[in-house]
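Add chain Y to chain V, keeping to what the hints say.
Number of protein chains: 2
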Amino acid sequence: MAGPNDEFHVYDTTLRDGAQREGISYSVTDKLAVARLLDGLGVGFIEGGWPGALPKDTEFFARAAAGDLELAHAQLVAFGATRRAGVRVEDDPQVKALLDSQAPVVTLVAKSDLRHVERALRTDAEENLRMVHDTVKFLKDHGRRVFLDAEHFFDGYAFSPDTALRVLESAVEGGADVVVLCDTNGGQLPLGLAETVAEVVEKTGFRVGIHCQDDTSCAVANTIAAVQAGATHVQCTANGYGERAGNADLFAVVGNLVTKLGMEVLPTGALAELTRVSHALAEIANIAPDTHQAYVGSSAFAHKAGLHASAIKVDPELYNHIVPEAVGNDMRVLVTEMAGRASIELKGREFGLDLAGRGTEVGSALQRVKELESKGWSFEAADASLELLLRAELSELDGPPPFALESYRVVLDHRSDGEIVSEATVKVHVAGQRVIATAEGNGPVHALDAALRKALLPHLSWLDTVELADYKVRILTEHPKQGMHGTDAVTRVLVESTDGEREWTTVGVHGNIVEASWLALRDALAHKSMRASTPV
Amino acid sequence: MAGPNDEFHVYDTTLRDGAQREGISYSVTDKLAVARLLDGLGVGFIEGGWPGALPKDTEFFARAAAGDLELAHAQLVAFGATRRAGVRVEDDPQVKALLDSQAPVVTLVAKSDLRHVERALRTDAEENLRMVHDTVKFLKDHGRRVFLDAEHFFDGYAFSPDTALRVLESAVEGGADVVVLCDTNGGQLPLGLAETVAEVVEKTGFRVGIHCQDDTSCAVANTIAAVQAGATHVQCTANGYGERAGNADLFAVVGNLVTKLGMEVLPTGALAELTRVSHALAEIANIAPDTHQAYVGSSAFAHKAGLHASAIKVDPELYNHIVPEAVGNDMRVLVTEMAGRASIELKGREFGLDLAGRGTEVGSALQRVKELESKGWSFEAADASLELLLRAELSELDGPPPFALESYRVVLDHRSDGEIVSEATVKVHVAGQRVIATAEGNGPVHALDAALRKALLPHLSWLDTVELADYKVRILTEHPKQGMHGTDAVTRVLVESTDGEREWTTVGVHGNIVEASWLALRDALAHKSMRASTPV
Numbered sequence: 001m002a003g004p005n006d007e008f009h010v011y012d013t014t015l016r017d018g019a020q021r022e023g024i025s026y027s028v029t030d031k032l033a034v035a036r037l038l039d040g041l042g043v044g045f046i047e048g049g050w051p052g053a054l055p056k057d058t059e060f061f062a063r064a065a066a067g068d069l070e071l072a073h074a075q076l077v078a079f080g081a082t083r084r085a086g087v088r089v090e091d092d093p094q095v096k097a098l099l100d101s102q103a104p105v106v107t108l109v110a111k112s113d114l115r116h117v118e119r120a121l122r123t124d125a126e127e128n129l130r131m132v133h134d135t136v137k138f139l140k141d142h143g144r145r146v147f148l149d150a151e152h153f154f155d156g157y158a159f160s161p162d163t164a165l166r167v168l169e170s171a172v173e174g175g176a177d178v179v180v181l182c183d184t185n186g187g188q189l190p191l192g193l194a195e196t197v198a199e200v201v202e203k204t205g206f207r208v209g210i211h212c213q214d215d216t217s218c219a220v221a222n223t224i225a226a227v228q229a230g231a232t233h234v235q236c237t238a239n240g241y242g243e244r245a246g247n248a249d250l251f252a253v254v255g256n257l258v259t260k261l262g263m264e265v266l267p268t269g270a271l272a273e274l275t276r277v278s279h280a281l282a283e284i285a286n287i288a289p290d291t292h293q294a295y296v297g298s299s300a301f302a303h304k305a306g307l308h309a310s311a312i313k314v315d316p317e318l319y320n321h322i323v324p325e326a327v328g329n330d331m332r333v334l335v336t337e338m339a340g341r342a343s344i345e346l347k348g349r350e351f352g353l354d355l356a357g358r359g360t361e362v363g364s365a366l367q368r369v370k371e372l373e374s375k376g377w378s379f380e381a382a383d384a385s386l387e388l389l390l391r392a393e394l395s396e397l398d399g400p401p402p403f404a405l406e407s408y409r410v411v412l413d414h415r416s417d418g419e420i421v422s423e424a425t426v427k428v429h430v431a432g433q434r435v436i437a438t439a440e441g442n443g444p445v446h447a448l449d450a451a452l453r454k455a456l457l458p459h460l461s462w463l464d465t466v467e468l469a470d471y472k473v474r475i476l477t478e479h480p481k482q483g484m485h486g487t488d489a490v491t492r493v494l495v496e497s498t499d500g501e502r503e504w505t506t507v508g509v510h511g512n513i514v515e516a517s518w519l520a521l522r523d524a525l526a527h528k529s530m531r532a533s534t535p536v
Numbered sequence: 001m002a003g004p005n006d007e008f009h010v011y012d013t014t015l016r017d018g019a020q021r022e023g024i025s026y027s028v029t030d031k032l033a034v035a036r037l038l039d040g041l042g043v044g045f046i047e048g049g050w051p052g053a054l055p056k057d058t059e060f061f062a063r064a065a066a067g068d069l070e071l072a073h074a075q076l077v078a079f080g081a082t083r084r085a086g087v088r089v090e091d092d093p094q095v096k097a098l099l100d101s102q103a104p105v106v107t108l109v110a111k112s113d114l115r116h117v118e119r120a121l122r123t124d125a126e127e128n129l130r131m132v133h134d135t136v137k138f139l140k141d142h143g144r145r146v147f148l149d150a151e152h153f154f155d156g157y158a159f160s161p162d163t164a165l166r167v168l169e170s171a172v173e174g175g176a177d178v179v180v181l182c183d184t185n186g187g188q189l190p191l192g193l194a195e196t197v198a199e200v201v202e203k204t205g206f207r208v209g210i211h212c213q214d215d216t217s218c219a220v221a222n223t224i225a226a227v228q229a230g231a232t233h234v235q236c237t238a239n240g241y242g243e244r245a246g247n248a249d250l251f252a253v254v255g256n257l258v259t260k261l262g263m264e265v266l267p268t269g270a271l272a273e274l275t276r277v278s279h280a281l282a283e284i285a286n287i288a289p290d291t292h293q294a295y296v297g298s299s300a301f302a303h304k305a306g307l308h309a310s311a312i313k314v315d316p317e318l319y320n321h322i323v324p325e326a327v328g329n330d331m332r333v334l335v336t337e338m339a340g341r342a343s344i345e346l347k348g349r350e351f352g353l354d355l356a357g358r359g360t361e362v363g364s365a366l367q368r369v370k371e372l373e374s375k376g377w378s379f380e381a382a383d384a385s386l387e388l389l390l391r392a393e394l395s396e397l398d399g400p401p402p403f404a405l406e407s408y409r410v411v412l413d414h415r416s417d418g419e420i421v422s423e424a425t426v427k428v429h430v431a432g433q434r435v436i437a438t439a440e441g442n443g444p445v446h447a448l449d450a451a452l453r454k455a456l457l458p459h460l461s462w463l464d465t466v467e468l469a470d471y472k473v474r475i476l477t478e479h480p481k482q483g484m485h486g487t488d489a490v491t492r493v494l495v496e497s498t499d500g501e502r503e504w505t506t507v508g509v510h511g512n513i514v515e516a517s518w519l520a521l522r523d524a525l526a527h528k529s530m531r532a533s534t535p536v
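Protein sequence lines, in the order shown, are assigned to chains V and Y. Counting from 1, position 277 in the first sequence corresponds to residue 277 in full-length UniProt numbering; the numbering is continuous, with no gaps. Counting from 1, position 501 in the second sequence corresponds to residue 501 in full-length UniProt numbering; the numbering is continuous, with no gaps.
For the record, the hints were derived by calculation from the structure and aren't laboratory data. Careful, some of the hints might be misleading.
Computed list of lysine to aspartate or glutamate pairs in DMTMM-like fashion (alpha-carbon distance at most 25 Å, straight line) [unchecked claim]:
(1) Lys375/V with Glu195/Y
(2) Lys260/Y with Asp162/V
(3) Lys427/V with Glu440/Y
(4) Lys370/Y with Glu396/Y
(5) Lys427/Y with Asp413/V
(6) Lys472/V with Glu373/Y
(7) Lys427/V with Asp413/Y
(8) Lys427/V with Asp417/Y
(9) Lys260/V with Asp162/Y
(10) Lys427/V with Glu423/Y
(11) Lys260/Y with Glu195/V
(12) Lys260/V with Glu195/Y
The following block holds chain V by itself, in its conformation from the complex (with noise of 0.2 Å):
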């Protein structure tokens, strides 16, 4: 079933195409969290991985089916691809695989490129469009939606433009009702890929989509200028991430297409919701944001001294193309302060919290998050810290911090044999206890987390299945550096802890890594205890 817009496909590939970018790995939480704010702003279509092929993908579906994500704009796609040759459809397990996830729309990917069929597939181009025929025709008999991903597209219709069509028509024939043209290398050029496009839309009126990569550095623009020829489905990814180069991005794709192109793809007053949602989609990622990005990067407006700063105190308007607002930016020079009251109460429901008419309550929470933000600290991805800090303001917290440092000492020692020895001492209070604990580790960081544990393990039997999984260290240079010629930049630590059966993240800040790393550990632990002592 079509959802109410659809004229119009925005088509987010975040958590498929996206999630090949080197470095990015999404548990099956990040990708809940990413199709929840991605369905938030408004896309028409989520893509939301390959069932069947990756374990994670596979049970992201599941806990989609299960009821665990609701979305309010967008439908859910599976991404897959046709049976393999020489193999019925009814037999081939990966396509089962497709069905069985339950998406209601399922994407296939198929080669439109002949040298691809015959070195790849190892195929011919006959048993290649039986095998999209099947494909599609399979998914449709059993309820689907069906969009074709032609892989190669643009690189294989000027090898041999009939195979191409063919491969387009045979998906067509089969019922898919979106052709979606794939510039896989990348290598395209905006007005050449615009002259295949009109082309394409001519000669078989089809409905067309884009897919473009951005190994030319023009992926956006080969994206607008699809859409420009014809093309009424683009595919993109948050912040452009994607493998080599990466995708088009999908703020700069939808900013331009509202702004420039006066299109409405999105619901009411989601474009004020970009900067925002870029933003958390990065901290989900653990990428740092491109302060330069268009449309969202904090700099995107911030003009330097000189030239345009005298115009611009005559009339913002002469240099700005947009007005920052817009899109939920602005033209001040400062660090993403992005935490907006209706995120908090957004959040504050996800912990299980109660604000019916606690207003005030929540704007206190608010600027005390704005403070810290405005300090480096980022809570987008800490959501174990933002609970923290909410049931603090909410007086929500059940009782004292499971135990109260006294003190702490790290040593760093360069012994004379060149060996690099860490060791940490913790004096802390607990369960009516002052307790001395010393240990070593790789790093200062280590030994102090070794030491904790060390001095509260026998008093907090919950401590026992807590493990640190992940630590992500960040110098936070957009940040003025304090201390003595910058020997003490801003850092963000985030720290994941696991139990065995969930995972959390706390966030630290400070012009010390040990200290924002003692601060993250600190609040790590006290979430675990906040949850051992209150059934969630």
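Just chain Y now, with coordinates in the frame of chain V:
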């Protein structure tokens, strides 16, 4: 006098427009280094800055004129504005400064949007035309080649095409031989921009250039589209650095022109230097290279496992839009190991080392550099560390290091009153003695630096003038994390030192931030000591 390849202009404005990027602050030394790199790549024009308006730019041109900058390919360009309204050109000191710079080429920026003429300049269209004509002619009469930057051209042309075109005419009548259409606000999209460029070329017959900003994420695409529509002069910056969302990336523009449009816009062999030069310029700017940058990013040709990997094994050409080695890149997912024999030799000569007939030693120095670079070391911006390494490999270090470290200890106390205290103790051997010194600091690194200084100052007189000028830390996320669950991410520290006369930068890399800082500090002092004893 026009350069050898005057048919097509590759015009770089890294040092002027690109320098307006937030966070960039080039010293004069940096500017000279940037210019040499760009010249080595073979660009036709290097816009060096705005003499008269910015002191460091004035100094840069002065040093270039004094012989500190030898250009093999490029012509140096001074950027500036047309004379002020109501002032005679010969009386305008800013225009005189352009002449004084002695740059053979001058680019003048002029308003071509009527609204800007009236609201920002507060004058009328006629006076604006006289300002353009007078200034161009004045500079031509003084033997300069003149280009015109028509600011806000596309917006201006859409608002009042006649005004915009008359500005171009006025410049050409004055003697300008290229009129550059600037998308100053960055709001253009490729198809519309190409139409406008074609129209202007057709209506005027002038030689047209293009200057794009990246606010719609289309700067590169717009630049290429403009060339296809008749522009023969492209203005870019290294890595797209610039104000707001940045400028058109020189490397993507050149990569596209050469490999997609078959235009030989660089000297033979230059294309293969693209990746190395891109990274070197990033280091000088102290900006982390974009691993996903088109053509030159370390991930630009890195394919993730899955759909593509199997095909790559079959045929790499099936999935690469170009051969990576053509731009000096490769398919392996590795950090940049860009040190090539040629650059080592080049560097050696810069350091005053005689490398004739020392091929084996150069080879082993290269190996050492590559080995270190694979672990996260980068010497592009740490010339002093590189010089020490080369001299060591070539046995060109006179005498022993100025001091030897026996051990150090750094203690970080988070005290019971909440205060964070950092203290360091060093034990060193210097001037035949064993010295122990302890000092405190704002953080562990500052404390270590203070303690070292305290220990050495009484024994090394030259240390008195040495100061820590800048300290940069970067966590190298592209390196496999060592230690437990990432608590010891490889950290790179760059230390810039000064003695009041010169500045030098050293680097240290280690899983432990304090040890990484130690290595950089040690090199900083060793380099000063070497210079103090070796007259250069």
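Hint-by-hint comparison with the structure:
1. Between the alpha carbons of Lys375/V and Glu195/Y the distance comes to roughly 47 Å, so the proposed pair goes past 25 Å and is violated.
2. Restraint check for Lys260/Y and Asp162/V: the C-alpha separation of about 23 Å stays at or below 25 Å, so the hint holds.
3. About 22 Å separates the Cα atoms of Lys427/V and Glu440/Y, which keeps this hinted pair within 25 Å; it holds.
4. Between Lys370/Y and Glu396/Y the CA atoms are separated by roughly 20 Å; this keeps the pair inside 25 Å, and the hint holds.
5. Of the supplied pair hints, the one linking Lys427/Y and Asp413/V holds, its CA atoms being roughly 11 Å apart against a limit of 25 Å.
6. This hinted pair checks out: Lys472/V and Glu373/Y have alpha carbons roughly 22 Å apart, not beyond 25 Å.
7. Of the pairs offered as hints, the one joining Lys427/V and Asp413/Y holds, with about 11 Å between alpha carbons and a cut-off of 25 Å not exceeded.
8. With a C-alpha separation of about 13 Å, the suggested pairing of Lys427/V with Asp417/Y holds against the 25 Å cut-off.
9. Under the criterion of a C-alpha separation no larger than 25 Å, the hint pairing Lys260/V with Asp162/Y is consistent with the structure, at around 23 Å.
10. For the hint linking Lys427/V to Glu423/Y, the alpha-carbon distance of about 19 Å falls within 25 Å, and the restraint holds.
11. Note on Lys260/Y and Glu195/V: the hinted pairing holds, with a Cα-Cα distance of about 16 Å set against a maximum of 25 Å.
12. Pair hint Lys260/V plus Glu195/Y holds up; C-alpha atoms about 16 Å apart against a cutoff of 25 Å.
Going down the numbered hints, you'll see the structure goes against just number 1.
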